[in-house]
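Work the whole structure out from these sequences, hints included.
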Amino acid sequence: MTIRAIEKLSTSQNGLGAFILQCKRMDIHYCDHSGSSRGMNAFIKHGLQRFAAAHPQIEFAVSPRPRKHPVMVGHYINGKQKSICVKNMEASQILKKAELLRDASGDKVKRVNKPVTSVNESVRGVWSPYHGDGMAV
Amino acid sequence: MRRTRLASQLLAGAPRAARVSRISSSTTPALCTRGYASAVSGREPLSLDVEDEDALSPKELMRRSTSLPSPPPARAKYSAKLAALHARLSLSPKIPVETLARALIDPSADAHPRFNNANLACIGAALLNNHASEFLITKYPRLPMTILFTAMKGYVGNPVLHQIARAWGVEATASPGEEVDPGLLQFDINKPTAMHTSWGYVRAESAEIQRYKWRRGMSSRVMYDDAFGDLVPGQSSVSDKTGALEMRNDKNSKEMLVKDMPTNAHANFVRAVVGAVYLHCGREAAKNFIKPHFLSRTLDLASLFEFKIPTRELARLCAREDFELPVARLESETGRLSRTPVFVVGIYSGRDKLGEGTGPDLDSARKIAAMNALKAWYLYSPGVVAVPSDTLAEDAAPWKPAYVDIGEVIS
Amino acid sequence: MERPVLQPLRRLTASVNLTSIRSQSTTRRTKKALKIAPHPSFLDNGTDDHIVFNPPSSAPSVYHTPFKFLPKTDPRRQANLTQLLRASAPASSPSAPEVGGTPSFVAPKHNVTAEQIEEMRALRSSDPATWSVLALAKKFQCSNYFVLMCCRANPQHRQSEKERLEAIKARWGPIRTKAREDRQKRKVMLGRGEL
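Protein chains in written order, with full-length UniProt numbering: chain A, 1 to 137; chain B, 1 to 411; chain C, 1 to 195.
Hints were generated in silico from the structure; no laboratory data involved.
All clues given are correct.
Covered, in the sense of this in silico footprint (three residues per stretch, anywhere, with C-beta under 8 Å from a C-beta of chain B), are these stretches of chain A:
{"id": "1", "stretch": "6 to 13"}
{"id": "2", "stretch": "20 to 29"}
{"id": "3", "stretch": "58 to 69"}
Backbone N, C-alpha and C define an ideal beta-carbon position, used for all residues, glycine too.
Written as structure tokens, this is what we have:
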């Protein structure tokens with residue numbers, strides 16, 4: 001047998017094929033008495049149920065944190081966490097923050113300076129000085 | 001952690017003394033609760049080593065008599081993790097969360113076949129291997145067997161399924177038990193697990209192959225080994241025959257261990273989910289589940305090849321296919337007398353160019369060109385063609401035979 | 001009329017070209033130099049629709065199957081008429097020279113008969129030192145590889161050859177040993193497509 005195989009694993013790109021929402025759990029902390037939690041309490045009473053029903057993929061955990069500012073923590077599939085302090089915010093602003101946590105991938109924020117990032121090689125291949133007719137510059 | 005052949009014992013489901021009596025919930029769906037009340041009676045960890053119960057401490061006996069090895073199915077619908085996992089995978093509502101909870105229980109956590117995922121994983125493995133192999137064979141009909149096996153491993157092998165389970169957001173428990181959340185993957189690295197071996201032939205000489213490292217030819221792997229060309233361990237090993245002397249030798253029993261228990265457990269969970277989809281939603285749904293989750297992944301098959309004598313193999317190929325003998329021609333070069341020369345060599349058969357390679361010397365450029373020509377042969381793809389399982393659908397067109405190459409050039 | 005003081009300076013100007021070249025690279029100059037016109041095929045040449053033909057200047061991909069490797073049933077084979085005609089035409093001498101010392105390709109001759117192989121084996125077993133692989137290949141006009149396929153020296157001869165090789169290897173210094181090891185590694189890497 002002259003051919004041997006090198007073992008490699010296939011790689012996936014989320015959304016190509018199946019899409020898995022990366023935010024798997026959201027912790028919502030509030031305080032009953034502090035003024036900074038007023039918006040959060042309103043959000044829990046009026047907005048959270050609809051938001052949670054719209055996102056069954058996310059596990060929601062609501063727990064009090066007395067004498068502390070309200071916080072939302074997103075837990076992601078890659079093991080990272082992202083927490084946002086929502087003190088003194090209105091319920092609508094908190095909904096925006098919840099959507100931000102939902103849409104995040106959990107990766108570190110990276111600078112993207114290439115227009116296209118792809119695992120596929122270019123259709124025209126890697127430029128080589130030994131191929132093609134060559135063009136007068 | 002010993003890979004013992006539990007499958008037959010598990011499937012038999014031997015009755016055991018009643019220890020726990022429990023009232024089953026009547027609302028849970030059929031698969032999980034069928035015979036639940038009677039099955040609970042036998043839910044004792046199936047331990048291979050026969051131990052005397054009198055020797056156990058009273059505390060241990062108490063613990064064993066009251067606790068179940070895995071969370072009861074009735075608790076599944078109260079688990080937020082499980083519901084979230086169900087929704088994350090966009091599973092059909094026809095699949096109950098209790099089945100998903102059962103898919104999360106490895107035989108090492110709960111040895112009872114009605115409560116672990118061994119049966120579901122067995123169906124799922126068959127489906128995954130079938131769809132992956134028909135996808136690869138019809139898409140790349142000329143792949144050599146060894147590359148095909150590795151590609152199968154790259155699409156639906158254990159390590160990849162482990163990655164997929166992690167990407168689905170599944171977490172494992174620290175240790176399985178009745179009290180843990182049913183949405184966590186439950187396995188125990190210190191307990192035996194079930195291996196799915198019943199679908200493959202077992203080589204009569206499998207013990208000797210493991211013991212003395214006999215050669216396994218590629219053609220016999222097709223026949224006797226599993227979908228990835230790996231040996232199916234036999235029922236009787238050398239150590240069983242020759243007695244305890246060799247049994248103590250750690251080297252002999254190495255092959256019988258599950259090398260990576262977490263990987264195995266995660267992979268079996270993924271297989272069990274596929275099995276559950278098949279069971280509750282049918283064949284087409286299982287196919288539609290496998291395609292986006294497994295077959296849409298990217299694997300560069302050209303990077304799997306490792307050649308030894310590519311020029312000879314190309315010459316044999318051209319002889320087999322009645323092409324003219326391949327000839328290497330120098331197409332362009334630069335810096336022949338410098339420290340970094342580059343030669344571009346093309347391989348021609350008659351007037352047709354078969355491949356091209358670039359190298360720092362003539363010989364390696366010729367070899368690379370031959371390798372590229374061989375890869376171009378092996379990676380021929382007829383494009384998008386029908387797979388055999390398409391014909392299983394209703395009102396499907398009759399099967400048109402797909403093009404598949406006759407086999408290896410040099411085997 | 002020149003002053004003698006300036007003579008050395010003049011000599012310097014003659015040897016070194018002191019004409020001013022604007023070689024300082026700036027962003028503007030670099031961008032200007034790199035700004036090339038589009039490929040002529042892309043330019044609008046009056047006609048409404050035309051085929052843009054601008055083949056890539058890159059090495060061919062292995063996923064692009066050569067015409068000869070397409071199976072008979074493949075529709076691409078019938079679609080590519082020019083290749084079909086070209087393949088059926090008699091092969092003229094291609095322009096590119098062949099790789100290797102010999103100017104033209106020498107096909108294997110298959111000239112050694114079964115009796116000659118027996119003779120070759122007898123010679124090799126009688127006196128492996130005299131009838132080395134090279135000598136046999138020369139005598140029977142075949143390749144070394146073919147001789148190696150046909151006969152095998154006796155164990156004593158192989159042992160002595162092995163010892164001779166070991167003695168040679170023992171004299172290698174660290175640099176040469178490492179170079180040989182690296183050569184082996186490169187060979188494996190080449191086969192794996194890592195070079």
